[in-house]
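Q: Residue numbers (my numbering), protein chains in the order written: chain A, 1 to 334; chain B, 335 to 592; chain C, 593 to 882.
Hint data in this document are derived by calculation from the structure and do not stem from the laboratory.
Please note that the accuracy of each hint is not assured.
[Unchecked claim] The calculated lysine to any residue pairs, modelled on SDA-like cross-linking and capped at a C-alpha distance of 20 Å, are: (1) C:K812 - A:N159; (2) C:K812 - A:T151; (3) B:K557 - B:S350.
[What the hints assert, rightly or not] Computed spacing ranges between beta-carbons, pair by pair: (4) B:R447 - A:L37: 23 to 31 Å; (5) B:S483 - A:A33: 31 to 39 Å; (6) A:G163 - C:T595: 34 to 42 Å; (7) A:V292 - C:R753: 47 to 55 Å; (8) A:A187 - B:P528: 51 to 59 Å; (9) C:V600 - A:V176: 50 to 58 Å; (10) C:E752 - B:A392: 31 to 39 Å; (11) C:T847 - B:G343: 56 to 64 Å.
Think of the CB as a built atom: it goes at the ideal place given N, C-alpha and C, for glycine as much as any other residue.
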Amino acid sequence: MKAASRTMTSAADRTQAVDDTRGRPAARAALVAVPVLVVLTAAPLVLGAYPVSTMTRILAFAVLVLSVDLLTGVTGLPTLGQAAYFGAGAYTAALVGIHLTSDALVQALAGLAAGLVTAAVTGWVAVRARGIVFLMLTLAIGESVHQVADTWSAVGASNGLAGMPPISLFGGAPLVAAGFVYWWVLAVAVIVYAAVALVVRSPYGRTLRGIRDNEPRLRALGYRPALARYGVFCMAGAVAGAGGALWAAHTRFVSPGDLGFEVAALALLSVVIGGAGSLWGPCLGAALVLLVRDNLSASIGGHGPLVLGLAFVAVVFLLPRGIAGIRRRKERLS
Amino acid sequence: MTPLLELRGLTHTYGSLRAVDQVDLAVLPGERHALIGPNGAGKSTLFATVAGTLPATAGTVLFDGQDITAQRESERARRGLLRTYQHASLFLNCSVLDNVALAVQRVDRVAHRFDRAARRFGRTQSRALEHLDAVGLAGRAADHAAALSHGERRQLEVAMVLAAHPTLVMFDEPTAGMSAAETERFADLVERLPDSLTLLIVEHDLDVVFRLADRVTVLHLGKVLASGPPEQIRADDAVRSAYLGAARTEDLFTGDPR
Amino acid sequence: MATYLVSVLNGLAMGALLFAIALGLSLVFGMMDVLNLAHGAVYLVGAYIAVALAADGASPAAFVLAVLLAGVAGAVLGGLLAGLTRATPHHLDQALLTLGVSLVVAETLSAVFGNDVHSIAAPAPVAGSVTVFGETYPVYRLLVIAFGLVLAAGVYVLVERSPLGSLIRATVADRGMVSALGVNTGRVLVGVFAAGAGLAAVGGVLAGPILGAQPGLDEKVLLLALVVVVIGGLGSVRGALLGAVLIGQVQALGTALLPEYASFLIFAAMGLVLLLRPAGLLPARAAVHA
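Please take these sequences and the hints and turn them into a complete structure.
A: This is the structure in structure tokens:
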């Protein structure tokens with residue numbers, strides 16, 4: 001148990017408070033958020049199909065990264081298992097798309113529910129642990145789910161699930177153009193971001209930060225943190241599941257690789273690069289990580305993981321508090 | 335009057351060391367009860383055993399007439415049994431306001447709500463600010479708790495515990511490491527607390543003890559050596575002679591390194 | 593009946609390999625709370641060394657050379673990892689560092705050896721089969737089981753009966769106290785890290801004729817080793833042995849009876865153990881921290 005408390009404080013050291021936004025006038029936040037949203041919305045009007053497709057994938061991946069941040073940054077539970085719930089969402093959305101309906105809303109909700117249920121079923125094993133043991137258990141869960149997807153013929157085993165028809169919205173025509181799919185993914189991603197931001201700022205978010213910083217103290221104040229931990233685990237599963245559904249809506253093909261170790265590791269890397277606990281930082285980190293993997297990778301003969309591996313080592317030594325940390329440091333200096 | 339807190343033969347052993355040995359103690363409602371004794375007397379272990387941080391090896395803890403020996407720490411806190419720690423135990427990466435609000439929102443039963451932002455829970459926010467104000471930290475509500483000085487951290491912990499709606503507060507050396515001004519502020523704060531609140535204070539500063547306490551219990555080697563009104567303890571021969579032959583009780587306690 | 597015997601033997605062979613691999617992971621975790629995510633990659637280094645030196649039924653000398661080389665390479669990698677992780681005090685950072693190393697190592701291996709699936713033949717003299725209770729069974733796997741027995745006995749003597757072993761066990765139990773006693777825990781930690789990694793790489797060579805070598809195998813092996821460690825109890829040598837034997841059996845039985853659901857079975861086994869014994873079957877710290 002001593003080890004658990006040791007690792008817990010270290011997880012807290014690694015992260016920082018999210019509540020720095022409270023004192024800042026809402027107007028200043030809007031000053032950044034509105035132009036960002038305008039640029040994101042206008043992107044398909046100016047960009048070609050390939051960049052738009054890249055941005056769609058980044059958005060879906062960013063939703064997964066948000067779920068990792070909710071656990072790692074806000075609650076102090078570093079996880080390598082969220083790709084499992086992302087995959088559960090993606091597979092469910094693809095199955096719904098193939099067998100039931102092409103309605104994107106139904107698919108997204110089904111993906112969210114699948115992530116939630118999978119997390120609820122597997123989470124009780126993980127949330128008993130803290131710190132690095134939690135990391136270990138989530139990794140084991142994630143890899144187990146990956147193995148299941150890789151061998152279970154009902155979901156195509158190692159071939160994955162192909163043949164998902166294009167999504168449609170509200171009974172309309174199938175959305176074939178990359179731009180429309182992008183707008184749908186953007187809309188859902190923004191809603192999820194807002195929902196996660198609300199949770200982080202709510203009393204529950206405060207409880208979660210309390211768990212991150214000092215769980216014994218929380219217990220001595222009369223809290224029963226076990227339920228709160230399980231709750232946030234399920235919540236993060238739902239968010240990851242929604243991200244998976246968005247991923248499937250865009251790629252229309254799901255394979256075991258989508259919920260593998262690499263995806264989970266990249267999501268954790270994004271959070272660490274971006275700055276655990278901040279919400280916008282990890283989203284930026286998600287963009288950076290996917291761009292490196294998909295674009296840089298091609299230009300150096302497909303050895304993207306090599307770059308990412310070095311990135312992990314570099315981030316630990318050069319950016320201990322992530323991108324969000326750089327800004328905070330500058331604010332403190334000025 | 336039935337005691338609010340009653341310990342019967344409470345014992346906690348670390349291996350073969352009996353840190354708390356057959357302690358009987360009764361704290362009446364509204365009492366300011368001080369617990370003194372040299373280092374290693376078992377004060378902190380006694381606190382931890384009463385609060386439920388450590389399990390009792392033997393004996394019972396009665397709180398408000400109910401046996402709570404088997405209850406978990408969080409259950410005891412929910413009944414109103416709250417404690418501070420020798421080294422302030424805070425949420426260092428949270429804001430100062432959050433630290434107190436965490437205590438308030440549990441009492442207000444909104445700790446798991448996520449339908450709106452925390453600052454929109456007006457009652458919780460304003461009560462948290464009131465508690466901060468009472469310890470003079472209202473101006474630092476937005477700062478990180480990690481940015482506070484040692485003395486301020488102790489004040490914050492006091493505010494946090496008082497915000498958790500206690501009926502009995504156990505202060506573990508509350509003024510250790512505080513400046514003279516901070517100690518004065520703490521003593522003032524305790525004197526202003528409502529009479530209905532019961533206090534059990536471990537304290538080394540005998541000025542504070544004799545200023546605040548209605549009743550003093552002396553613990554030595556895990557056992558109760560004497561218990562009574564402050565004047566009686568000052569005059570108690572057993573208390574004097576038990577300590578290395580010190581001539582005056584004050585010398586002994588003030589000579590304590592901590 | 594006989595098919596079950598084959599399955600049990602397969603499970604024992606698997607368990608022997610898993611013990612060799614999981615032991616280092618468990619001890620490193622128990623002694624310094626470092627989750628070495630590069631452990632699977634170290635294993636894979638061993639497997640590819642076997643590919644390079646002893647792929648097609650090579651002479652026993654070549655195989656022994658591969659084992660020795662893998663041991664050295666693993667120990668060097670382990671020493672490197674120990675040095676890296678000691679540079680930062682945060683456990684999450686340490687895990688990220690080992691993750692980075694694992695990606696670099698795995699990618700380097702696939703750059704050198706390509707993405708093909710390599711199978712490795714057992715060294716010529718033991719490539720055949722013998723008849724065990726009326727079933728033919730590969731000699732090599734029997735040798736692996738024997739290796740597991742020898743390893744378990746050797747580790748038992750080293751860890752439970754030698755002064756070095758008591759130092760290791762004490763460090764697992766309470767590192768702070770051991771360094772307070774004036775022992776330089778750093779050197780013990782690096783030594784255990786290197787030895788554990790060397791053992792994992794040796795496991796990679798020995799497992800070569802059974803599991804082969806291919807990209808992605810590092811993750812699978814890391815997962816199995818993690819499950820073994822979690823089931824057995826963190827930092828516990830006996831736990832690692834018990835966990836390895838159990839998972840070996842579950843894996844073999846699952847593959848024999850329900851190949852499609854073997855991975856479900858392993859997860860179910862882990863869930864069941866954690867439900868009943870959250871700290872693992874034979875936790876190392878139980879005696880010290882109540």
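Q: With reference to the structure, classify each hint as holding or not holding.
A: Status of the hints after comparison with the structure:
| no. | hint | verdict |
| --- | --- | --- |
| 1 | C:K812 - A:N159 | holds, 18 Å |
| 2 | C:K812 - A:T151 | holds, 13 Å |
| 3 | B:K557 - B:S350 | holds, 15 Å |
| 4 | B:R447 - A:L37: 23 to 31 Å | holds, 28 Å |
| 5 | B:S483 - A:A33: 31 to 39 Å | holds, 36 Å |
| 6 | A:G163 - C:T595: 34 to 42 Å | holds, 39 Å |
| 7 | A:V292 - C:R753: 47 to 55 Å | holds, 51 Å |
| 8 | A:A187 - B:P528: 51 to 59 Å | holds, 53 Å |
| 9 | C:V600 - A:V176: 50 to 58 Å | holds, 56 Å |
| 10 | C:E752 - B:A392: 31 to 39 Å | holds, 35 Å |
| 11 | C:T847 - B:G343: 56 to 64 Å | holds, 59 Å |
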